[in-house]
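A.B. asks: With chain A fixed as given, assemble chain B onto it according to the hints.
Number of protein chains: 2
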Amino acid sequence: MRNSPEFELIERVREALREAGVEPAPGVVGIGDDAAVTPGIDGVLVTSIDLCVEGTHFSDAFSDEQVGHKALAGALSDLAAMGARPREAYAGLVAPPGFDAGRAVAIAGGMGRLAATHGVAILGGDLAAGKQLALSITVIGEAPDAGALVTRSGASPGDAVLVSGELGGAAAGLAVISRPELANELSPAVAEALRARQHSPQPRLELGRALAAAGAGAMIDLSDGVRADSEQIASESGVAIELRADRLPIAEGVEAVAAAAGSDPLSLAGAGEDYELLVTFEPDAVEAALEAAAGVGEGLTVIGSVGEGSGVTVAGNGETLGRGFDHLARG
Amino acid sequence: MRNSPEFELIERVREALREAGVEPAPGVVGIGDDAAVTPGIDGVLVTSIDLCVEGTHFSDAFSDEQVGHKALAGALSDLAAMGARPREAYAGLVAPPGFDAGRAVAIAGGMGRLAATHGVAILGGDLAAGKQLALSITVIGEAPDAGALVTRSGASPGDAVLVSGELGGAAAGLAVISRPELANELSPAVAEALRARQHSPQPRLELGRALAAAGAGAMIDLSDGVRADSEQIASESGVAIELRADRLPIAEGVEAVAAAAGSDPLSLAGAGEDYELLVTFEPDAVEAALEAAAGVGEGLTVIGSVGEGSGVTVAGNGETLGRGFDHLARG
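Keeping their order, the protein sequence lines are chains A and B.
Everything in the first sequence is counted per our numbering, starting at 0 for the first residue and increasing by one.
Everything in the second sequence is counted per our numbering, starting at 0 for the first residue and increasing by one.
Each hint should be verified, as a subset may be incorrect.
Heads up, the list lumps identical chains together, so a pair's fine if it works in one copy or across two of them.
Each computed EDC-like pair below joins lysine to aspartate or glutamate, with the alpha-carbon atoms no more than 20 Å apart [stated by the list, open to error]:
hint	residue 1	residue 2
1	K130	E5
2	K130	D59
3	K130	E53
Think of the hints as simulated: they come from the structure by calculation, not from any bench.
For reference, chain A alone in the conformation it holds in the complex (with noise of 0.2 Å):
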């Protein structure tokens, strides 16, 4: 298979991957073998695999090297909601027809970029055909041990509820991106900022790991929006979790995009792929939580608290919070 177009595939992405900064270390087996080996892990594995679909996931607006970011990014916010350090990544390509050597690296780049930021290193994968693009990735994390990480089920009553960052971001970006006269109401910085946040989303893995230190109850990653993110921790932790609406804090431009299409800030702000972190801590220790993540350069803001009963509800003239947003970003 060596002169084979997919041999040759493989050691075009691997060489884009090493372009990246991403090698595999010493002794480590990584693509091009049945399956990767790496050592062992002294603590416990932390392990999650995320899918990212063209159509659903991102649209032909993306370019191949945002696709790849995308993809690995989300994977890896799901162990920033652990508070596990990252180690390795795999990742499946199904490629549609048409497919060549040339968008495999120009994905491969993407991933590598955002894996070498991390000390991630990209293993193994596999490539089908398929009728759509579509990448699965899984990354393997670790910890000293479970108790140094965070689950969805750890709320208590009288718990406070934060966030990472600022809110609405990916989702008025996504707005942005499919209605580009929107642009119009924005300066281009802003502009490309929201639209990054969109396409170029960053998994907060030293946060979350500051944040396991520092003693959250429970912790998820903003992919489907606050309301609905709060609402699996709720249901996984068996408390109510009430948001206060007003304190929410939105992203520079989210208000300005809302307006000129005729929607509300809040429907953007609860609309999810923020990447952001929800996160809850007892009362006394939200000091303690606020500067651990000063610690490494974030901001968080209380936005709600944890009380008895189940189910999430929006203090604050709420209700729009995460609906409709549909509608709104697809035109």
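C.D. replies: Same frame as chain A, but now just chain B:
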């Protein structure tokens, strides 16, 4: 999300996995959190990802149970070819329009029954909408150390080349599935055995570990066919391989299918998807290899030898080995 369709689907899949005999061990964080958490590994991790896409790896003549089985079998077969012990599996499912929880449960059942047979836990997954059914399976296994594993690069000139089981069954099965009239040439039991080789392949996990322990040089599983997979070993090991067509163990019914289809048994025998193991041993170790295989109830046949040079040659009227199969099976 407790009442959402996605939550209900995940609960039904968990239940299907429990019924299939697959249950996370105590203390393991399985399906339902951001990531799975499992105990550390003393030796080395062995990891592989494998795609299984509608139209490429299976047709609508496959039941959903068979799709689930075949997808997991293909991934586990890669661990077999390393000599690793499988531990856990993760499944990404791209769901086409109209897909429902019943289909997810059937796929999980097919995966789960195979997983239970081999003591594999299914600990996570992801679901996304797409145009066609596709499964991405990542399997993680373990071994005491890297020296206990068998890569594709360990073949040396003078080694014997052996193959497990019998060849051509999967391709003949695909021909019978695609062209049911071919079954008229076979007893019902043989026709069913061939179909099963196609839709329910059995990964040779015990055999892989036994051959690794017996000192195998290089090993690969037969997914692409004995000629193409020999080329992988030749290429990665920097050697030449000569296969003897007249020594290949051909599965019962393959000759009859080939005759009825106006083809050649070797075309089917080299077509792949048999998921048998192709392995090299020093001549002095062949007897021990045969005993190791017999010890786990498997047969092993010497089918060639390793020499200096590069590439694969086929002696004994082997020109048609693995050639022209696509036309037969799809046509």
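A.B. asks: So, for every hint listed, does it hold in this structure?
C.D. replies: Evaluation of the provided hints:
no.	hint	result
1	K130 / E5	within (18 Å within a copy, 24 Å between copies)
2	K130 / D59	both (14 Å within a copy, 15 Å between copies)
3	K130 / E53	both (10 Å within a copy, 9 Å between copies)
In terms of the numbered hints stated before, the structure departs from none.
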